[in-house]
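**Q** Taken in order, these protein sequences are the chains called A and B.
In this note's numbering, each residue's number is its place in the first sequence (first place is 1) plus 189.
In this note's numbering, each residue's number is its place in the second sequence (first place is 1) plus 14.
Simulated from the structure, these hints should not be mistaken for lab results.
Keep in mind that a hint or two might mislead.
[What the hints assert, rightly or not] Mimicking DSS-like on lysine-lysine, the simulated pairs with C-alpha atoms at most 27 angstroms apart in a straight line are: (1) B:K113 <-> A:K205; (2) B:K61 <-> A:K509; (3) A:K191 <-> A:K315; (4) A:K510 <-> A:K220; (5) A:K526 <-> A:K509; (6) B:K61 <-> A:K510; (7) B:K26 <-> B:K61; (8) B:K26 <-> A:K205; (9) B:K113 <-> A:K220; (10) A:K463 <-> A:K489; (11) A:K463 <-> A:K484; (12) A:K266 <-> A:K315; (13) A:K509 <-> B:K113; (14) A:K510 <-> B:K113; (15) A:K470 <-> A:K523; (16) B:K113 <-> B:K26; (17) A:K198 <-> A:K393; (18) B:K38 <-> B:K61; (19) B:K61 <-> B:K91; (20) A:K198 <-> A:K220.
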Amino acid sequence: MKNSPIVGKHQGLSAKMADFGGWLMPIEYPKTGAIEEYNSVRNSVGIFDVSHLGKVSVIGQGATNFLNEQFTNDLSKIIDSQAQYTLMCNSKGGVIDDLIAYRNLDSDYFLIPNAANTASVFEVLKANAPAGISVENLHEQFAVFALQGPKSIELLNSLGVDCSLDYMAFSKSKFDGTDAILCRTGYTGELGFEIIPTWQDAGKVWDLLFNSVVSLGGAVCGLGARDLLRTEMGYPLHGHELTLDISPIQASASWAVDLNKSNFTGKQILLDQKQNGTSHKLKAILATDRAIPRKDMQVKDQSGNLIGQVTSGTFSPSLKKGIGLALISSEISKGDKVIVDVRGRDSVFEVVALPFVPSRVR
Amino acid sequence: MSAVPENLRYTKEHEWVEELAPNKFRVGITDYAQSALGDIVYIQLPKLSSQVLANSVCGEVESTKSVSEIYAPITGKVVSVNSSLESNPEIINTDPYGKGWIVEIEISQATLSESLLSAADYQNLTA
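Using the sequences and the accompanying hints, generate a full structural model.
**A** And the structure:
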């Protein structure tokens, strides 16, 4: 099992730790717990260590064109110092990973894939890279901290950090003299930032952020709270909503697939799916009783016919109800009722629009 | 370190049992169990007046991240359930041995026949 560069800080706080893609990461902290941590992010500010996320650099003349053949979204839509959510598909339209691409220059990109998929993303890019483009796996050379919540700006201002960035923009920054990349990105649905110091500087930057979060009345947050926050937004998680067997068209991630691009891996099958539809689509479901849906639970129509499965489910602290994402028959639409088999009990859910809770990222 | 009150008895499934009368027992889940589960957001209580069997499932508690079954520590009849937990299941997290009690079970015989763990035994089990 791999460790974050600041694993000692989590242990010092007696965090509950668990395996995330081969990394031992904090789930929650005993002083707070997932719901209080969640509340800090929605109402004030929270800091997460997400150093398990991958880091890959792609550098060389023609990097934009090269990556545009590997990823589904169109990198020519962003300019230097902007980031883009995108996906890497295989030739069958299955999703190898979803990731954020940070454009330093036309010839210089920094990628943040998921921890468990970093090796796969790196291998594909390395294998396909033409002469002159170098791909490097920097997984253990940078840490990633997510500072999320409405008080994020106030906190960064108090540290003298200029954070006047548009959503999905990033810049070089200094934290008490220490270099780090500051990105206006996140996975919570709240206004927030992700901060990328080097592995060596991680402890210093964490201490600075941690102390400021505490003094503002915020919380250090684990990945349990992060999952509550992202599920309320309907953000997909690879291994749940996106897999080698679920395409971005099925997973309602079409917005991150640019079918007008000349060519990219998986384009033909994704184009076909877009034009002809797919049998199943990802939908949001909301409990009508006290049931909480969980991954892999079966979903039925009102006549009892199996129509799909839950891909993610949890309890929404904001709505005080069970919420879920489910890959179900495309014939089901918003407002319809479906039945989830919750450990042998049939519970009625309503198909609703995403997000479950309004996004405040901008 | 989880609290393990001396005056209670315990099961390997992390329930506690308090003797209210020689034939009446109050049951809940331990501090260790609530801490392992995390924030509890849902409970399915046993049905009032139903019969429960020792070591059989009689309800469930669910946290933000997982679900866990509640096992009846003893055989008997459910004579009371803590229905305040239905709207405020988080009481189990804050007061597992007090306001977070789950069910009261009455046995038909004069004394308890099931063998339960002492506080010291349970402490060793969860150490």
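**Q** Each hint should be assessed against the structure and marked as holding or not.
**A** Each hint tested on the structure:
1. B:K113 <-> A:K205: The given pair, whose Cα atoms are some 25 angstroms apart, holds under the 27 angstroms limit.
2. B:K61 <-> A:K509: Given pair K61 of chain B, K509 of chain A holds - Cα atoms ~23 angstroms apart, limit 27 angstroms.
3. A:K191 <-> A:K315: Holds: K191 of chain A and K315 of chain A sit about 23 angstroms apart, inside 27 angstroms.
4. A:K510 <-> A:K220: Holds, because 24 angstroms separates the two Cα atoms, which is no more than 27 angstroms.
5. A:K526 <-> A:K509: Holds: K526 of chain A and K509 of chain A sit about 19 angstroms apart, inside 27 angstroms.
6. B:K61 <-> A:K510: 22 angstroms, holds
7. B:K26 <-> B:K61: 23 angstroms, holds
8. B:K26 <-> A:K205: 22 angstroms, holds
9. B:K113 <-> A:K220: 20 angstroms, holds
10. A:K463 <-> A:K489: Distance ~25 angstroms between K463 of chain A and K489 of chain A Cα, so the pair holds.
11. A:K463 <-> A:K484: Between K463 of chain A and K484 of chain A the Cα gap is close to 26 angstroms, so the pair holds against 27 angstroms.
12. A:K266 <-> A:K315: At roughly 24 angstroms apart (the allowed maximum being 27 angstroms), K315 of chain A and K266 of chain A satisfy the hint.
13. A:K509 <-> B:K113: Roughly 21 angstroms between the alpha carbons, so the hint for K509 of chain A and K113 of chain B holds.
14. A:K510 <-> B:K113: 23 angstroms, holds
15. A:K470 <-> A:K523: 12 angstroms, holds
16. B:K113 <-> B:K26: This hinted pair holds, its Cα atoms lying about 22 angstroms apart.
17. A:K198 <-> A:K393: 11 angstroms, holds
18. B:K38 <-> B:K61: 17 angstroms, holds
19. B:K61 <-> B:K91: 10 angstroms, holds
20. A:K198 <-> A:K220: The given pair, whose Cα atoms are some 14 angstroms apart, holds under the 27 angstroms limit.
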